[in-house]
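**Q** These protein sequences, in sequence, are chains U and F. Going by my numbering, the first residue of the first sequence is number 943, and it counts up by one from there. Going by my numbering, the first residue of the second sequence is number 42, and it counts up by one from there.
Derived from the structure by calculation, the hints contain no laboratory data. There's no promise every hint is true.
[Claimed, not checked] If you anchor each label on the Cβ, the simulated ranges turn out as follows:
(1) U:Leu1241 / F:Gly147: 30 to 40 angstroms
(2) U:Trp1128 / F:Lys284: 50 to 60 angstroms
(3) F:Ser54 / U:Asn1146: 30 to 40 angstroms
[Claimed, not checked] In silico BS3-like cross-links for lysine-lysine, where the CA-CA straight-line distance does not exceed 25 angstroms:
(4) F:Lys141 / U:Lys1136
(5) U:Lys1311 / F:Lys44
(6) F:Lys162 / F:Lys190
(7) U:Lys1312 / F:Lys138
(8) U:Lys1136 / F:Lys191
(9) U:Lys1292 / F:Lys89
(10) U:Lys967 / U:Lys1136
[As the list claims (entries may be wrong)] Not close to chain F: a few residues of chain U, all C-beta gaps over 10 angstroms, as computed:
(11) Val993
(12) Asn1007
(13) Met1059
(14) Ile1088
(15) Val1286
(16) Ile1301
A quick note: this is a predicted structure, and the numbers were derived from the prediction, not measured. A virtual CB, placed ideally from N, CA and C, is assigned to each residue, including glycine.
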Amino acid sequence: MSTKSKSIETKTDFNQDERLKKVSKLRLLLNRPELGALGGAILVFIFFGVVAGDTGMFSAYGVLNFLDVSANLGIIAIAAAMLMIGGEFDLSIGSMIGFAGICIAIPAIYWGWPLWMSIIFAFSMAVLVGYFNGILVVRTGLPSFIVTLAMLFILRGATLAITRLITGRTQVPGLRVLIEDDPLAWIFATDTFKWVFTWLGSMNLIALRTDGSPLATGIPPSVIWFIALAIITTWILMKTRYGNWIFASGGDKNGANNVGVPVGRVKISLFIGTAVAATIFATIQVLDAGSADTMRGTLKELEAIAAAVVGGCLLTGGYGSAIGAAFGALIFGTVSMGIFYTDVDTDWFKVFLGAMMLIAVIFNNYIRKKVTESK
Amino acid sequence: MKKIYLTIAALMSWAMMSVAALAVDIIVVSHGQANDPFWSVAKNGVDKACKDMKVSCKYTAPATFDMVEMAKLIDNAVSQKPKGIVITLPDAAALGKSVKAAISSGIPVISMNSGSDDYMKLGISAHVGQTEFEAGVGGGQKMKAAGGKKALCVNHEVGNVALDRRCAGFKKGFGGSVDILGTSNDPTEIQKAVAAKLGGGYDTILTLGAGLAGEAALKALESAGKVGSVKLGTFDMSPGMLKAAAAGKVEFLIDQQQYLQGYLPIAIFSQYMRYGTMPAGVVMTGPGFVTPNNAKDVIKWAAQGYR
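Excised from the complex, chain F in its bound form:
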């Protein structure tokens, strides 16, 4: 027994010596855990930028998607008096108080990923991310250039405002006729619904999520033998859709490039610390397009944690 206690005491003193106080320039508080594949990439962006810019940073996130805990993490960041705080803003109501505490104590805040609608109201300096509507417009233009005339926008989360904006933007960019197909988020149902619609003379399909809706729509096209004659594009990325793009079965994947969402705020702050420069408004990280031309490279970079 005594040995155990000695070990513990030794461990404790070792920990005390090896753990040091944090002297930090920039603190990142995101709602995404580093074990989420999407956020792992964003965190890699943060880490890389801190190395490139030679600033010290810390990336933190609540253990679960918990806005109250996230607000506490922002409060924590404020009491450390860093030179800048980077946050995501998925719930402006829950995080507003903490964000205001940061700004009112003289710490500039940049938001990234989510919060393009609310960041200005809270006094956040700039937002780095992809706005849904503009990304939709980009996708629409791309499909129009590919010769699309009649399109179907598959919405697998009816009621999610962000997805409504994606469809609306797509409609604007596409110019031609766009019908919206509302489905549940069950892959089988999405596949059946898309298959049923294929007889309606559509030459273009846009899905709003890759892993679920995109792959289901692709299956529907494959079983109807219409891959290629009906052009398929999707928001976001998934391994299956990337492979399909590399094989030329998918026109494009819309990538919001979260690596940049981690990288750019750090780069902005480090310049702000040095020369006081700050971009105005939303810095767009997307839409970045993954097409059959570059899909192979993207797959390679994804394996390395950059996409």
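Chain U extracted, bound-state conformation:
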């Protein structure tokens, strides 16, 4: 940041912009917002490695289990991080998960729609909800905290009301049989790399069922979605003009407006992003569980925001990263599953979870400070 130290290059290098300060690759890496979250994740793994290394937590089945939990959260955390970088919150993510779930289940079970059509229907509803959130925030200038808090109640209430009205109950089961032969559902419901696990099982390297098949059958779809989303969103944020617009909109709305960034459109698209991510989450869950439930996704919005903050997002916007949120979700998922492998009484679960998050955030903050101080 200091201008004094700028050394004037005398050599003419036409590939290099002489107005830019030269920064080493390592320094660039250390400056990334996700570094602290990466450190926090390593810390968490060391903790459970020491404490619960031999309990089965790090068996193939155990690893896939906490990865699955992390990945599910990661999908919404990444979208929440994008939105937070863009300077807004979405508290309706959790309710959107429940809403999207019944948008898939009710048409498929009660109206006889093919499953792919219900899934597309759910995603269209997500775009509508996201657009509505976005346009309300942009047009009214109200804090997104309030607007989406209202949406949290509206969506959760509508989910319950509609489901009870149509089905008379709060759960809609019976979806699993519809997955087979559906042209779209497999994207959200297929375990991949099964051959790896079959091979590992045949080599007796992982736990087997009594019939000889491996206990862990494949990489769950959430993990694939999670990794793909992390890569795509990181690319968008780092390499595209739209990514720059997101940082600008969150960093300084007026400034961004003045240089011609379509702040409103950027924000609306980010709100659509969180709603769509919630629907990806819901689709994977509904197809995995084989049933939708009006209470699904409760409190997930806070977990997503927590993961984004652990991952280096600032509450004020303009700073953060998608990959950091991914690590944040990994920390959250690992801790929330890991505690069950320790002898901590589960009455203390939330205390433990909160303390671990606090440690991760402070550690994250510490690393970031160290790095920025030593410039």
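Knowing the structure of chain U, use the given hints to seat chain F on it.
**A** Frame of chain U, contents of chain F only:
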């Protein structure tokens, strides 16, 4: 600032030393959070049984009523390879895959509280709980013995299959004529609906939930001056209804005794681990009846977390 980081580092190492890996015999995965008064009692049953049987156990539950998260907790339990897993089964479709993973990797599973209809299909060894129909029959017989001829079954959650079974069972046990009164779950409406029905010559009323329907029905009886002449019984327990029972205003409360739902699966598993014994089918924990005779004791035990 530095002090904070030092504290954190100290905390972290303290946590590492004081938290140990779990060596566990039995893992309980329930859908009920320990801060729910009902489930707190069930968890006390688990804790007591583990102490009595000298086995190590762990009670886990999702943070909210979330079947997907619960399925993950069961998966977690499977990867810890305990000697037995106790679950509740409120949604067999969502939990089935995880339950099957446990059983197919050689870990026996017992279900408790909910799931009496589905446990067998999934290959679960035994179920510990109260079946709705049989509990209803028990209530019906009790009312019949008290001299009831014409009864009203108040259903405050029309469409809830479990409540339909309670009424059906009651009808069978009661033998006399039973009418079903469907209401919303609004206490004022329940009270008004029951009051309107009182002129119909009913001598017996059964409500299917204590805190809501039971207390509303009692209010209707009180304002009509018919406490005692019309006998009132209810499913489940609430502080208000317990007090009313102690005062002799209520014939009985049907208690599913969730303390036993926590205790018995642990006791069963610990014997199974030692001698391979396993009961067949459903082990009934209810209906247990709270009557004016024992209501005072039950209130005392409830305060201690056993009822």
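**Q** All hints, please: hold or fail.
**A** Each hint, compared with the structure:
no.	hint	result
1	U:Leu1241 / F:Gly147: 30 to 40 angstroms	holds (35 angstroms)
2	U:Trp1128 / F:Lys284: 50 to 60 angstroms	holds (57 angstroms)
3	F:Ser54 / U:Asn1146: 30 to 40 angstroms	holds (37 angstroms)
4	F:Lys141 / U:Lys1136	holds (18 angstroms)
5	U:Lys1311 / F:Lys44	holds (15 angstroms)
6	F:Lys162 / F:Lys190	violated (39 angstroms)
7	U:Lys1312 / F:Lys138	violated (47 angstroms)
8	U:Lys1136 / F:Lys191	violated (63 angstroms)
9	U:Lys1292 / F:Lys89	holds (23 angstroms)
10	U:Lys967 / U:Lys1136	violated (38 angstroms)
11	Val993	violated (5 angstroms)
12	Asn1007	violated (5 angstroms)
13	Met1059	holds (21 angstroms)
14	Ile1088	holds (23 angstroms)
15	Val1286	violated (6 angstroms)
16	Ile1301	violated (6 angstroms)
Checked against the numbered hints listed earlier, the structure breaks hints 6, 7, 8, 10, 11, 12, 15, 16; every other hint is satisfied.
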